[in-house]
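Enquirer: Below are the chains, spelled out letter by letter.
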Amino acid sequence: MMKNKLNVVWWVIGLVFLAFFPKLFGIYYTNVVVTMAIFAVYSLSVNMLLGYTGLLSFGQAMFFGFGGYGTALALTHIPGIGVLPAIGLGVLAAVALALILSPLVVRVSGTAFAMLHLAFGQLMYVLALKLYNITGGEDGIANFPVPGLFTESLKSSPEHFYYLAMVILGISTWLMWYMTKTPFGQIQVGIRDNAKRIDYLGYRVPQSKAVIYVLSALFAGVAGSVYGLFHNLVSADGSLGIGMSFTPIISVMIGGVGSFFGPILGVAIFQLVDELILRYTESTELVMGVILIVVVMFMPTGFMGLFRTLRQKISTRRTPEAKKEKA
Amino acid sequence: MDPMVSMYISQGIHGIAYGMILFLIASGLNIIFGMMGILNMAHTAFFMLAAYFCYVVVGITGNFWLGLLFAPLFTAVLGVVMERVFLRKAVGHMGELILTMGISFVIVAAIKKIWGTESLPLQMPEVLSGMVNIVGVTYPVYRLFVIGLALVILVFMLLLLYRTRLGKIVRAAVSDRDMVNALGININLVFMFVFGVGTWMAGLAGVAIAPILTVFPGLADQVGMDAFIVVVTGGFGSLLGAFIVSIIFGLLSSYGVQFVSQFAPVLMVVFMAIVLAFRPNGLFGVKE
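The listed protein sequences correspond, in order, to chains A and B.
Each step along the first sequence adds one to the number in the working numbering, with nothing skipped, and position 298 is 441.
Each step along the second sequence adds one to the number in the working numbering, with nothing skipped, and position 184 is 1531.
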């Protein structure tokens, strides 16, 4: 009971802090937080597949990109469309793509799944470059209108955009967290650990994989859509490129696969490192590579795992039994 | 001969030459995967690195043949070092995939740092730079040389795998590595050797393609992605599958460029999607 109340207090403090964040820290850091939130939702969508179902996808960027392109196209071509329906259309595009792909991809797993997505992701990237009548080719779609809920345009008011983005991304995060607590979420963990056993228990493994796959695409679409609105630009390299597929994987690995809040921590660390590096050197690739190598070799459970072992060490040292043994 | 027909034939040989290069990369990936269960994401980075090594060797000695000899060897040594130092430490498939991905990032970044991002031209040797006339079709000698080189490597690989004791051990390790280990064979040494041969083949492909496409940092993405698609479509661990699919893809890409130039890269992925829809483990893949 006590712990629950403490949790509520922490949540309230966190929400108040986020609510007054733009007033306290100014536009620059507000935008940093929006970027972090977008990538947090995106990484959580990857972790939904990777951590909870054990499916590693090298092509999550296609859902991210479809979300962005869907929203941008809707805002460009449908006059007077509101911002929420536009986001909805983008998410719908991502979900539609996932539905089309799901019968094919749920039959494979492991390396084949990863490579299949690498290929499909590449296909979407090439198509986005080639179909320049629709996608604008290499330039992408830029300068589309960004209407607000209450105002004409959000372009000149990043503060309003912050609130809109944070509410949408916050709800997405909460939904994903809620999902892991449902029986359905537990079945996903079961599939990751032992697909055959879940099959014998009477659950349909390919079908539940398909559902999680589509859900993951949905949230990647949300992130991509907000990302497109945030930059007012959707381009093949910025939203669909192979780098965009790997960024969330890196965040998930840094934070810790499988733990729900790990990816969020990973995004925070990754974004901070990225910010700092860009001040000194151009080559983020090198740093990302080194981070990946170090994480895999020395802390395979990520920072979340590192914290967990540290906490265990500290808490065991405090117990009298441990002291007795030492003495 | 009718110019149209001769053009089709020369496009066909073009396709086969490209397919052969794909095969060199894909078979290296394939034997590593077949034996160690590791999908080496850094494979294409090694492939590109060999092209740069060759550029350096040719720059120093002025001799392409020395480049062809030494660049793949350097690459293989680096591959072995990577396997010994890093890959042994990785845990599970996920760890291996991500670790090799990280290494490929580092290699690409290092290449950009050392040699810059522009295309570096590589002169092919005098002997191979001419054109040859075969039954009325004039054709660049170099591409025929590439086809020949790949065929020689294929024969060499088959002999090594099916006619030597080492090949027997490798094949046994593909089907059950623990058992081979238990029989008193130093499996780690065999792994190291296989990894070296795999990266050596990637290096050879890198050197072979360098005079055609020039040397630039996008090489790994451009050709490497095709090689990965070949392995997935042909079936993991199947040399025959890699060979057949490489040639199909080579032809698809050369005729694709001719007829539907905009969408040539799409053709391969569509082909792969169709194959995987019916055979999830690839054309010649065995069930996991």
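In case anyone wonders, no lab produced these hints; they're calculated from the structure.
Treat the numbers as computed from the prediction; the structure is a model and nothing was measured.
Ideal Cβ placement from N, Cα and C applies to all residues, glycine included.
Hints may contain errors.
So, partial list: chain B residues that the calculated Cβ filter (under 7 Å) puts toward chain A [said to hold, decoys possible]:
{"hint": "1", "residue": "L1386"}
{"hint": "2", "residue": "L1420"}
{"hint": "3", "residue": "G1442"}
{"hint": "4", "residue": "I1445"}
{"hint": "5", "residue": "G1449"}
{"hint": "6", "residue": "V1453"}
{"hint": "7", "residue": "A1456"}
{"hint": "8", "residue": "M1572"}
{"hint": "9", "residue": "Q1609"}
{"hint": "10", "residue": "A1611"}
{"hint": "11", "residue": "V1616"}
{"hint": "12", "residue": "A1624"}
{"hint": "13", "residue": "P1627"}
{"hint": "14", "residue": "L1630"}
Okay, derived cross-link-like pairs now, DSSO-like style, lysine-lysine, Cα gap no bigger than 30 Å in a straight line [said to hold, decoys possible]:
{"hint": "15", "chain 1": "B", "residue 1": "K1436", "chain 2": "A", "residue 2": "K456"}
{"hint": "16", "chain 1": "B", "residue 1": "K1515", "chain 2": "B", "residue 2": "K1436"}
{"hint": "17", "chain 1": "B", "residue 1": "K1459", "chain 2": "A", "residue 2": "K273"}
Enquirer: Hint by hint, say whether it matches the structure.
Expert: Checked hints:
Given hint, L1386 of chain B at the interface with chain A, holds; its Cβ is 5 Å from that chain's nearest Cβ, closer than 7 Å. Because the smallest distance between the Cβ of L1420 of chain B and any Cβ of chain A comes to about 24 Å, over 7 Å, the interface hint for this residue is violated. With a least beta-carbon distance of about 5 Å to chain A, the hint placing G1442 of chain B at the interface is held under the 7 Å criterion. Interface hint at I1445 of chain B: satisfied, since its Cβ lies 5 Å from the closest Cβ of chain A, which is below the 7 Å cut-off.
Nearest Cβ of chain A to the Cβ of G1449 of chain B: about 3 Å, under the 7 Å cut. The hint holds. Using the Cβ-Cβ criterion of 7 Å, the hint placing V1453 of chain B at the interface with chain A is satisfied: the shortest such distance is roughly 4 Å. Evaluation of the A1456 of chain B hint against chain A yields a held restraint, the C-beta minimum of about 4 Å falling below 7 Å. Below 7 Å, beta-carbon pairs count as interface contacts, and M1572 of chain B has one with chain A at about 6 Å; its hint therefore holds.
For Q1609 of chain B, the suggested interface contact is upheld, since its CB lies about 5 Å from the closest CB of chain A, less than 7 Å. Given hint, A1611 of chain B at the interface with chain A, is violated; its Cβ is 9 Å from that chain's nearest Cβ, farther than 7 Å. For V1616 of chain B, the interface hint holds, since its Cβ comes within 7 Å of a Cβ in chain A; the closest pair sits about 4 Å apart. Nearest Cβ of chain A to the Cβ of A1624 of chain B: about 5 Å, under the 7 Å cut. The hint holds.
The beta carbon of P1627 of chain B comes within 5 Å of a beta carbon in chain A, closer than 7 Å, and the hint placing it at the interface holds. A least Cβ separation of about 13 Å between L1630 of chain B and chain A goes past the 7 Å threshold, and the interface hint is therefore violated. Taking the CA atoms of K1436 of chain B and K456 of chain A, the gap is about 24 Å. The hint holds against a cut of 30 Å. For the given pair, K1515 of chain B sits about 27 Å from K1436 of chain B by alpha-carbon distance, which is consistent with the 30 Å threshold.
For the hint linking K1459 of chain B to K273 of chain A, the alpha-carbon distance of about 27 Å falls within 30 Å, and the restraint holds.
Against the hints set out earlier in the document, violations occur for numbers 2, 10, 14.
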